[in-house]
Amino acid sequence: MNIIITIAVTALVVLYAGLFKAKKALLPLTLLGLLVSLGFTVCSWDQPTVHFGMMQIDNFALAFAGISIIGTFLIFLLTQRYFAENSPNVAEYFTLILFALCGIVIMVSYKNLSMLFIGVEIMSVCLYILAGIRKLNFASNEASLKYFLMGAFSTGFLLFGIALIYGATGSFDIDVIQNVLVNSVSNVSPLFYPGIILMMVGLCFKVGAAPFHFWTPDVYEGSPSLITAFMSTVVKTAGFAAFLRLFAGAFEPLHDFWMPALMVIVIITLCLGNITALYQKNFKRMLAYSSISHAGYLLFSLVVLTANSASNVLVYAAAYTFASIVAFAVLINVKQKTGSDDIESFNGLAKRNPLAALALTIAMLSLAGIPLTAGFIGKYVMFLNVLENYQIILVVIAILNALVGFYYYFRVIIAVYFKEGKEIELDTPMQYKVVLVVSTIVILLLGVYPSFILNLI
Amino acid sequence: MELLILIFLPLVGAIATALFAKQNTAKVAALAFSIFSLAVAIGLLCKFTPDASTQFEVNFEWIKQLGINFHLGLDGISMITVLLTNVLTPLIILSSYKHEYKNANAFYALILFMQTGLLLVFTALDAFLFYIGWEAALIPIYFICATWGGKDRIKVNMKFFVYTIAGSLFMLLGIIYLYLQNPANNFELAEFYKLELDNVQQGWIFWAFFIAFAIKMPIFPFHTWQPDTYTTAPTPGTMLLSGIMLKMGIYGVIRWLLPIVPHGVQDWSCVVMLLAVIGVVYAAIIAFMQKDAKRLVAYSSISHVGLIAAGIFTLSHQGLQGSMVQMLSHGINVIGLFFVLDIIQSRLGTNKVDELGGLAKVAPQLAITFLIILLGTVALPGTNGFIGEFLLLMSVYNYNACLGAVAGLTIIFGAVYMFRSYQKIMLGETNALTASFKDINGTEKVVLYTICALIIVIGVYPKPLLQISDASVQHLLEQINHKLTGVN
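Order-wise, the sequence lines are chains S and H.
Each residue of the first sequence is one higher than the last, beginning at 1 in my numbering.
Each residue of the second sequence is one higher than the last, beginning at 458 in my numbering.
Hints may be right or wrong, so weigh each one.
[Said to hold, decoys possible] Calculated pairs, DMTMM-like style, for lysine to aspartate or glutamate (alpha carbon to alpha carbon, straight line, at most 20 Å):
#: 1; chain 1: H; residue 1: 612; chain 2: S; residue 2: 420
#: 2; chain 1: S; residue 1: 23; chain 2: S; residue 2: 92
#: 3; chain 1: S; residue 1: 351; chain 2: H; residue 2: 557
If you're looking for bench data, these hints aren't it; they were derived computationally from the structure.
Based on the provided sequences and hints, a complete structural model is requested.
Below, the structure written as structure tokens:
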């Protein structure tokens with residue numbers, strides 16, 4: 001609980017600091033607030049508590065909250081100069097991101113479906129504004145409007161699903177719902193089936209799984225890059241935590257009912273995300289489609305539910321978050337110099353910027369899933385889990401998709417190292433270097449010695 | 458402990474070279490580290506007792522939750538491949554001394570990094586570790602070939618990379634499957650040997666592994682990446698690929714495929730033998746047609762490897778022993794050939810046999826050493842190629858006389874295309890291009906003389922070499938036969 005309070009208070013303080021023109025204090029204040037909340041996260045480890053029957057702060061919630069806070073922290077480190085160049089309202093940016101993080105912490109720790117809805121809404125409303133915060137930019141406006149319309153639509157699905165589940169059980173509490181299902185698994189109320197499907201659609205929309213992904217590429221491309229980084233890493237991870245909490249917990253007894261539907265979604269997501277990513281010239285758009293395909297891999301853990309599902313999602317999400325942040329950091333840096341976010345603008349990057357080039361390469365190798373990087377361990381545990389249950393066809397499809405993935409991630413590496421280009425020299429601020437170095441080390445560490453994160457929850 | 462030093466010395470060397478070496482000191486540092494690791498390997502060889510046991514074992518938990526151990530060990534079969542790696546790496550580095558590569562420290566660091574990957578593959582007793590080594594060897598060679606390669610290097614190496622990684626992903630699938638069958642819940646090779654899989658399972662596992670190995674070697678029809686990759690790669694890259702890396706595939710077959718799924722091997726060996734022998738003849742014919750000497754050697758390599766594969770799949774003592782010797786000999790000979798071509802290329806700017814001629818007159822030392830390497834390649838008695846090729850052909854002949862006869866053509870074909878190109882390059886009259894050719898000197902002499910010495914020494918007295926792996930091969934065959942007769 002004190003995690004949420006700390007983040008919310010930080011957000012308010014930052015807002016007031018902005019009001020009184022204390023521009024220099026904004027970033028330190030935010031980072032301090034995040035560090036304190038991260039401290040609370042670590043301190044509450046192994047001490048599960050339930051607050052007002054609404055929120056359950058267990059290790060699952062803490063682990064995902066921790067990853068989200070660290071991801072946000074790294075993204076904030078990248079804000080130096082970035083927002084000042086993009087908009088006069090720096091404090092609003094900071095506040096909105098912090099409030100979105102608040103919603104995310106609620107999303108990963110809800111015990112009551114009404115809290116799920118509130119968490120999703122707090123997060124989404126902040127993101128609608130953030131996507132459109134470059135008021136005079138056409139693409140940014142388009143992104144915001146698209147995101148808002150589609151998001152509102154999907155929230156409707158989610159809410160309708162919650163209502164049906166309530167109708168079937170008379171409760172919003174996920175433990176009560178689970179009990180009802182366990183006790184009546186042979187003749188469950190027919191309201192459950194549409195309820196589950198509607199909630200699945202709503203959540204698939206939030207995590208960007210096909211065929212509910214149509215907003216992703218446009219919104220990712222149109223939003224400011226840093227917001228895209230936030231959306232594609234922290235927000236996505238939170239979406240999966242929420243998904244997992246509900247479907248691996250409350251709806252687990254009906255696994256046989258919703259698993260086939262989810263499996264179809266997974267296969268479409270994987271193939272569509274990867275194959276479309278192959279044809280992208282724009283780096284941001286490519287990352288958007290690749291994030292769709294990663295959603296597919298993450299959903300593996302729900303198709304085959306085991307004791308390790310949550311831990312696998314955590315590993316995969318951590319790997320994906322760090323790699324994506326590196327990719328976006330380099331992208332922002334390159335775009336400041338070249339003004340373009342096409343893959344071609346990376347041509348010849350390695351000649352003058354060995355650090356950025358190396359970090360980007362390791363990030364791409366990790367996203368592709370090459371051994372000794374975190375991404376490999378993430379994919380490996382997913383494959384292992386699915387194979388354990390003899391879903392060999394699914395793994396073969398996943399492997400073919402991984403191959404396609406190699407192809408487009410390597411296009412970036414090829415551009416960075418082997419293509420001739422303008423020899424631009426990036427001017428990389430200290431914070432960027434810190435983010436690049438730290439993230440790269442984490443990626444390699446998770447890849448070489450993942451023991452400390454496996455089975456964390 | 459010694460084994461850990463062996464594995465990680467090149468890695469330390471790679472990091473040191475990448476971080477601290479300057480453009481001009483990188484090659485010296487890399488050479489020093491590779492010679493150190495050669496010394497470590499020779500130290501291990503002296504302590505090694507040539508029986509069937511696994512020695513110098515290192516075993517500790519790596520990723521406990523997933524049942525993955527860092528388990529290494531050496532037996533006779535691994536010993537040969539470790540020797541191959543550590544003898545050839547210094548030679549390869551030395552052979553690049555005359556070239557100035559851009560970003561030399563990165564270049565040499567990648568070579569050393571690859572050495573670690575290769576040594577992991579050759580000593581791993583844990584399937585997961587084996588897979589890690591397998592990929593760890595691929596990434597550096599991709600970067601070596603794609604950064605310092607010739608024309609079309611990006612496209613060619615992308616094909617190479619996607620090909621090999623496709624194979625290895627299916628191997629990973631096979632490894633995970635075996636792990637899930639294993640009641641001990643780990644990736645130990647010894648546990649995998651004990652598994653009792655039925656014939657259908659064995660068939661699937663066989664193909665999952667075999668495709669990965671076949672792409673690496675490469676066996677016909679999985680070879681299409683190879684000629685282009687060899688031709689466009691910088692010469693040290695070609696040497697690493699052909700001299701050491703393709704042996705990963707052969708080693709994989711011997712260590713992982715034969716003993717784990719002997720029934721699968723038995724069921725499919727006729728298909729593999731047929732493919733291998735087709736490859737032998739097909740590659741030889743194509744080699745015969747080549748105008749570019751580097752491409753010719755690339756195809757001749759497919760031809761030789763096809764014979765090694767055929768020998769292994771006979772599941773006979775001669776076949777396996779022949780393949781062990783031939784792995785080493787082929788590695789030595791092929792880097793010798795590529796080095797000679799590199800010398801010619803760097804002085805004259807061409808490898809087209811038709812444009813050359815008369816080099817023997819202006820460069821007698823090059824001509825002599827080239828001739829010795831060539832004789833080794835065509836397996837003249839008294840050179841290193843003979844003993845291996847003889848054992849392999851005998852085993853294939855015993856398996857099936859027709860196949861043996863067809864495979865035997867490789868000797869004749871090999872002699873024809875090799876001597877024909879020798880004649881065109883070295884003999885005859887010099888032309889405008891070749892008249893001012895300078896003979897070998899300095900490091901080139903060191904490399905070529907070492908290679909020639911190895912060719913002759915192994916050719917005249919191969920017994921100690923055969924002894925290293927003899928007991929291990931015998932033990933392996935007993936294991937396989939036990940499984941084959943035990944289950945039925």
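Open item on the list: Tell me if the straight-line CA distance from residue 612(H) to residue 420(S) falls inside 20 Å.
Closed with: 15 Å, holds
Task: Satisfaction of hint between residue 92(S) and residue 23(S), Cα-Cα up to 20 Å - done: With Cα atoms ~12 Å apart, residue 23(S) and residue 92(S) stay inside 20 Å; holds.
Open item on the list: Check whether the Cα positions of residue 351(S) and residue 557(H) lie no farther apart than 20 Å.
Closed with: This hinted pair holds, its Cα atoms lying about 17 Å apart.
The earlier numbered hints are all upheld by this structure, with none contradicted.
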